[in-house]
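Asker: Chains as they are written, first to last, in the working numbering: chain A, 1 to 405; chain B, 1 to 169.
One or more hints might be untrue.
Unchecked claim - Taking lysine-lysine and the PhoX-like style, the derived pairs with C-alpha atoms no more than 20 angstroms apart in a straight line are:
hint, chain 1, residue 1, chain 2, residue 2
1, A, K104, A, K289
2, A, K335, A, K96
3, A, K284, A, K195
4, B, K13, B, K3
5, B, K150, A, K335
6, B, K150, A, K96
7, B, K3, A, K61
8, A, K382, A, K221
9, A, K185, A, K289
Said to hold, decoys possible - Here are some chain B residues pointing at chain A (derived, C-beta under 10 angstroms):
hint, residue
10, T61
11, T65
12, Q80
Calculated directly from the structure, the hints in this document are not laboratory data. Using N, Cα and C, we set each Cβ at its ideal position, and we do this for glycine too.
As a plain string of letters, each chain reads:
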Amino acid sequence: MSKDKIITVSGNDQEKEYTTLNLGPTHPATHGIFQNVLKMDGEIIMSAESTVGYIHRAFEKIAEHRNYYQITTLTDRLNYCSSPINNMGWHMAVEKLFNIEVPKRAQYLRVIIMELSRIADHLICNSVIGVDTGALTVYFYIFQLRERIYELFEEVCGARLTTNIGRVGGLERDFSPKAWATLDKILEEVPKGLKEFENLLVRNRIFMDRCIGCGPISAEKALQYSFTGPNLRAAGVDYDVRVMNPYSSYEEFDFIVPVGTNGDTYDRFMVREEEMWQSLSIIKQAREKIKKEPEGVFNANVPDFVLPPKEEVYNNMEALIYHFKIVMGEANVPKGEIYHSVEGGNGELGFYIISDGGRSPYRMHIRRPCFIYYQAYTDMIKGCLLSDAILTMSSMNVIAGELDA
Amino acid sequence: MDKETLLTTVQDKLKAQFGGGFISSEMVSDFPVFVLNRDIICDAVRFLYDDADLSFQFLTTLAGTHYPDNKGHELGVMYQLHSLRNNYRIRLKVFVNINEPNVPSITPVFLGANWMERQEFDFFGINFTGHPNLKRILNMDEMTYHPMRKEFPLEDGTREDKDDKMFGR
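Same shape as in the complex, but just chain A:
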């Protein structure tokens, strides 16, 4: 046991007496498995130490033993609030390695899915900020909207949370008429619900007093800690991967990158709110663009990854051989070393692959935004009240699955 974990009781009245408090690993207020050992002076945090790794699953090691399409299911379990973005990020990284050009229509379909999952991600994070400030109602309102988005994922890929959506080269199947109808419903319901949500919180005096000035971080500090995503933008730096290094045709879309000024909880909340509106606008633009593309195209012609249609597999020898080859992961993997990053729900999610030509990556490293910015947490809560520390954590959108990978 280290020295600062012991409560020292001294005879000298002038000396301060600190209490050690274990916040976590399992605590209902921290939404996940996070442990922080806090040194408290009354209700004020003097210093803190984070312990991570409680749900470590060695994804980088497992990835070295799986072939490329099987790794997608691992990426689901990183930031599970927006797994479609992780899936797409991985597919795009593999496409970069294999030099696959994805047709425009498939890219736009991907944009729709990614932006929907960004909305789902931000909805959860922002409503949880509401819960931690004592407004439980908004959380239940919001979950209705999220439900609609998950309905669409279910229609497109069959799963809701850990989606494994899309394939290398495009998507596994086209949007069905029902999926388009669900999308229309989302575009109709989400703005209304979001407006209601904002009416309840944005100018709410209690909410503002609670959030403004809580857990701030300066732009310089945020960059030093390699912050990305809404947390960095709330501090006033307009770094967005979608703009800086566009992927999946993001350069064709018209949207604003919202930034904050103080980098406090309220700014993070507001940046996410605005991003959701921008995402809605991007989805509408993508829907218009798709109308101009040839119908029924949803993946590239890559025999290494795209499964042949089932009717052919059952009736045609060659298709059966291809099906078998793909499922066993027998692709002509080029040698190389690539890095591809996407703007995930909470920051720059990057995949670094070293390939030696084998059927699985020689080394796969994931740049997990949470893991990198969570280390600033102990710094940010120093001198705060305990209740502010809880609020700061939920406003940073730290997801245990991504933190511990």
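Here the structure of chain A is known, so what remains is to put chain B in place on it, guided by the hints.
Answerer: Chain B only, in chain A's frame:
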């Protein structure tokens, strides 16, 4: 500035500043990659950070590698730097002997390198000298080995029911 010019610019600057510390450079897909001597890595990162034209002031990520066949330089560290002002991205690499895996820590330049280096210490056993708190981060403290090294197979090697002769690595 296109990627080729960036490669030569950074290469010239590093060569002028560090001379022998610079080992080689190449273009790997769309990234300029520079291999440096491990002793100068912290200074080089600091130099690129302070350089007014380049200003590589954002550390994107850091990853360890293990090449068991590369005798004398088995372990490696990859640093990926980003200049947000100009949108330049480069990769720096250092290689060290597995028996003496010391690499200077870059935490004096980037606070965010703290946990990234701890992670690579945890998984590859790379000893980042000058790191303020170098201990395991994701694995348990009692662990005695570094599991991402290539000598540790994912599954128990003694099992016979899982024959991967045909399809396994």
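Asker: With reference to the structure, classify each hint as holding or not holding.
Answerer: Hints and how they fare:
{"no.": "1", "hint": "K104(A) x K289(A)", "verdict": "holds (9 angstroms)"}
{"no.": "2", "hint": "K335(A) x K96(A)", "verdict": "holds (12 angstroms)"}
{"no.": "3", "hint": "K284(A) x K195(A)", "verdict": "holds (18 angstroms)"}
{"no.": "4", "hint": "K13(B) x K3(B)", "verdict": "holds (15 angstroms)"}
{"no.": "5", "hint": "K150(B) x K335(A)", "verdict": "holds (18 angstroms)"}
{"no.": "6", "hint": "K150(B) x K96(A)", "verdict": "violated (25 angstroms)"}
{"no.": "7", "hint": "K3(B) x K61(A)", "verdict": "violated (32 angstroms)"}
{"no.": "8", "hint": "K382(A) x K221(A)", "verdict": "holds (14 angstroms)"}
{"no.": "9", "hint": "K185(A) x K289(A)", "verdict": "holds (19 angstroms)"}
{"no.": "10", "hint": "T61", "verdict": "holds (4 angstroms)"}
{"no.": "11", "hint": "T65", "verdict": "holds (5 angstroms)"}
{"no.": "12", "hint": "Q80", "verdict": "holds (7 angstroms)"}
Consistency with the previously given hints fails for numbers 6, 7, ordered from lowest to highest.
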